[in-house]
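Please build the complete structure, drawing on both the sequences and the hints.
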Amino acid sequence: MGQHTVTSFDEDLNAIDRLVHDMGDLAADMVVASTRSLVETDAVLAQRVISDDAIMDARQRELDDRAITLIAKRQPVAQDLRAVVGAIRMAADLERIGDLAKNISKRVSAVGEGSAPRSLSHSIDAMAQSVVAQVHEVIAAYEGRDSEKLKLLRAADENIDIQYTRVFRELLTYMMEDPRNITTCTHLLFCAKNLERIGDHVTNIAEDAYYVMTGMQLPLYRPKADETSVAD
Amino acid sequence: MHMPTDKIVPQSDLYSRESTTARTPDENPLPVRVKARDVSVFYGQKQALFDVSIDVPEKSVTAFIGPSGCGKSTFLRCLNRMNDTIEGCRVSGLIALDGSDIYDPSLDPVELRARVGMVFQKPNPFPKSIYENVAYGPRIHGLARSRSDMDAIVESSLQKAGLWSEVKDRLHEAGTGLSGGQQQRLCIARAIAVSPEVILMDEPCSALDPIATARIEELIDELRQNYTIVIVTHSMQQAARVSQRTAFFHLGNLVEEGPTDLIFTSPVEKRTQDYITGRYG
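Top to bottom, those sequences are chains B and D. Residue 43 in the numbering used here sits at position 43 of the first sequence; the count goes up by one each step and never skips. Residue 1276 in the numbering used here sits at position 276 of the second sequence; the count goes up by one each step and never skips.
FYI, nobody ran anything at the bench for these hints, they're computed from the structure. Virtual Cβ for every residue (Gly too), placed ideally from N, Cα, C. You may find that some hints are simply not true.
Claimed, not checked - Here are the in silico distance ranges between beta carbons for each label pair:
| no. | chain 1 | residue 1 | chain 2 | residue 2 | range |
| --- | --- | --- | --- | --- | --- |
| 1 | D | S1019 | B | R145 | 26 to 32 angstroms |
| 2 | D | T1024 | B | T69 | 28 to 34 angstroms |
| 3 | D | S1165 | B | K73 | 32 to 38 angstroms |
| 4 | D | L1030 | B | E143 | 41 to 47 angstroms |
| 5 | D | I1211 | B | A54 | 43 to 49 angstroms |
| 6 | D | D1221 | B | Y221 | 22 to 28 angstroms |
| 7 | D | D1013 | B | E158 | 32 to 38 angstroms |
Stated by the list, open to error - Straight-line Cα separation of at most 20 angstroms, EDC-like style, residue types lysine to aspartate or glutamate; simulated pairs:
| no. | chain 1 | residue 1 | chain 2 | residue 2 |
| --- | --- | --- | --- | --- |
| 8 | D | K1270 | B | D10 |
| 9 | B | K73 | D | E1197 |
| 10 | B | K73 | D | D1209 |
| 11 | D | K1270 | B | D146 |
See below:
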């Protein structure tokens, strides 16, 4: 895509795009660190994730300010408008991913007081790896303007839902085996739910990025495989 | 179940024609008021417009956008044969109003221009009173049988143009004494006075301040209930605000036409995208 006649318009748009990339990288780092802190009961790493969340929030505010100012000053249309609105939405999802990662890290001390979580968290570890891969891939696909990849990513969220169901059953089994596991397993269950929610935010980001790139909305239907919820 | 026949809008032949124009139909197409097919315009040897085909739907606003010299004003002026007055100008192709060819030699251009009114870039009231500015058209077309008929036409035209309350106590003062925005609304009242079907507007707000512009835009939106409006504008935001369909011209070609919402969010053609986003060199 060519340059705007007004070059400062390009600079404003690029600044917003850079913030999305920065937030994306930070979100991926936070998810990696939070799951590692959980599995390895690493309180120092957990603390870093908690303080990273403040940086994430500040970036989101900066992005919102820049986006609002750009709309007010330049009245973007077509791809420019989609890029700005898409950035606002993606930033909101990235910020939520940061919150959820922080949430996982906050539980590290609580989980650590119980029995060693490592033996209980094998399947969470596997699930976390899938989620981290999804976060990395959605950021890469956005940076690489790869709309086909985004479609696949959105579909791949199903795997995370399946893994969540598996973790849920596994933790339930541990709890039934030994009631002393209940506290730890409940914390781990919340962590797994947070990971599952992160997967949903990745899906949102994939949908927004796809719209930014193509101007078309992905169809509403998306496979659902989380069988633990009875509400729907 | 049968639909009343007058509600059925047949799919336009536009979409089955071979053409370089990217077209997107409306979800619920309105009946077509003006139909243009393969319209080319030459100024002497120079071709200014190349095979433009488009449908202008009734009771809606169609905006023509594009850089200077793209042919949008040339095409607009074809729609009421304003180009007839230009030496060496030749128009080919078909332009039909309500199904009849407006370039039919038996058709009186003066009659045509009563049906297809025009508002220009610079407000150009006659050097006469406000009343006479509006009464002129109905008088030459014999639309008023009596003085009270004429008074009624003048009042209703000024009402529709949103000017009545501002001028009703000074109808016999000079039209040229009004502010720019009022003069432009007077010109719109003058165009409306002969009960046209179509109103052509050639950059009607480019000489006006933002508030006068907003009033004209509000007026255009009201007029759309009863008239078919075609507007040429250099302000993309104005096209986005006032029109239901937008046509983008470039180098004498109609590049793309479609619903305004679509053109300004996800245009089909890269050239349209580049122009509306400010990337066109």
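Okay, the hints, checked on the actual structure:
no.	hint	verdict
1	D:S1019 with B:R145: 26 to 32 angstroms	30 angstroms, holds
2	D:T1024 with B:T69: 28 to 34 angstroms	32 angstroms, holds
3	D:S1165 with B:K73: 32 to 38 angstroms	36 angstroms, holds
4	D:L1030 with B:E143: 41 to 47 angstroms	44 angstroms, holds
5	D:I1211 with B:A54: 43 to 49 angstroms	45 angstroms, holds
6	D:D1221 with B:Y221: 22 to 28 angstroms	38 angstroms, violated
7	D:D1013 with B:E158: 32 to 38 angstroms	46 angstroms, violated
8	D:K1270 with B:D10	18 angstroms, holds
9	B:K73 with D:E1197	38 angstroms, violated
10	B:K73 with D:D1209	19 angstroms, holds
11	D:K1270 with B:D146	19 angstroms, holds
When the structure is compared with the earlier hints, violations turn up for hints 6, 7 and 9 and for no others.
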